[in-house]
Amino acid sequence: RKEVEQDPGPFNVPEGATVAFNCTYSNSASQSFFWYRQDCRKEPKLLMSVYSSGNEDGRFTAQLNRASQYISLLIRDSKLSDSATYLCVVNSNNNDMRFGAGTRLTVKP
Amino acid sequence: GAVVSQHPSWVICKSGTSVKIECRSLDFQATTMFWYRQFPKQSLMLMATSNEGSKATYEQGVEKDKFLINHASLTLSTLTVTSAHPEDSSFYICSARRDSHYEQYFGPGTRLTVT
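Each protein sequence line maps, in turn, to chains A and B. Note that my numbering numbers the first sequence so that position 61 is 61, with each residue one more than the last. For my numbering, add 1000 to where a residue sits in the second sequence, where the first one is 1.
These are computed hints drawn from the structure, not numbers from a lab. Quick caveat: nothing in here was measured; it's all calculated off a predicted structure. Among these hints, one or two may not hold up.
Cβ pair distances, simulated, as ranges [what the hints assert, rightly or not]:
(1) A:46 - B:1045: 15 to 21 Å
(2) B:1007 - A:40: 19 to 25 Å
(3) B:1083 - A:77: 27 to 33 Å
(4) A:40 - B:1072: 32 to 38 Å
(5) B:1016 - A:52: 22 to 28 Å
(6) B:1065 - A:81: 39 to 45 Å
(7) B:1016 - A:53: 52 to 58 Å
(8) B:1103 - A:109: 51 to 57 Å
Cross-link-like lysine-lysine pairs, in silico, PhoX-like; alpha carbons within 25 Å at most [to be verified]:
(9) B:1041 - A:79
(10) A:2 - B:1041
(11) A:45 - B:1041
Heads up, the beta-carbon is just placed ideally off N, CA and C, and yes, glycines get one too.
Using the sequences and the accompanying hints, generate a full structural model.
Here you go:
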């Protein structure tokens, strides 16, 4: 079983749609969680950290369920510029950061 | 946000030659840097963790004699791909972590093509 698992997609949605991604992790000792965004042929960039209480940043909402060991990302009112691969990242300790394979999102006009 | 640079951004080399990739943290000191490799349509795979002033820690399956890592200062880590082969062609990305922070800042990546 992979340490971090994501549905690879692709998710093809129209502009304005709401889309949700889930991610599961296997290490119950994991301490911190992130969503990164990666555009084609570019480096990953931090989208948002994920906190136990859930957190929101504009159109993006991230949630963490420690009991079930999953993380989610909700994107509301999708924009064309949201098209990218979204990487779920789990950090077990200071030096153990594991990436999911990523979920591809394409937002169409 | 913090800035991490990589050089070169892309390189083409012949099979059997060695290639050095530099990773620099431009506006902060990084005691720990990470080297990743990403093949097309696949996730980032951690190759090794580079600690300033000590030997790198390699992930299982990564040959330490083939992928030489040097982290000589708090702002610079280098990855040397020795005796490169076509199967080493990939996107190599480094990241750097500030002390006491979990967040990693990524460099723009180096695209290596071995012919």
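**Prompt:** Which numbered hints turn out to be false for this structure?
**Reply:** Checked against the structure, the hints that fail are numbers 3, 5 and 8, while the rest are satisfied.
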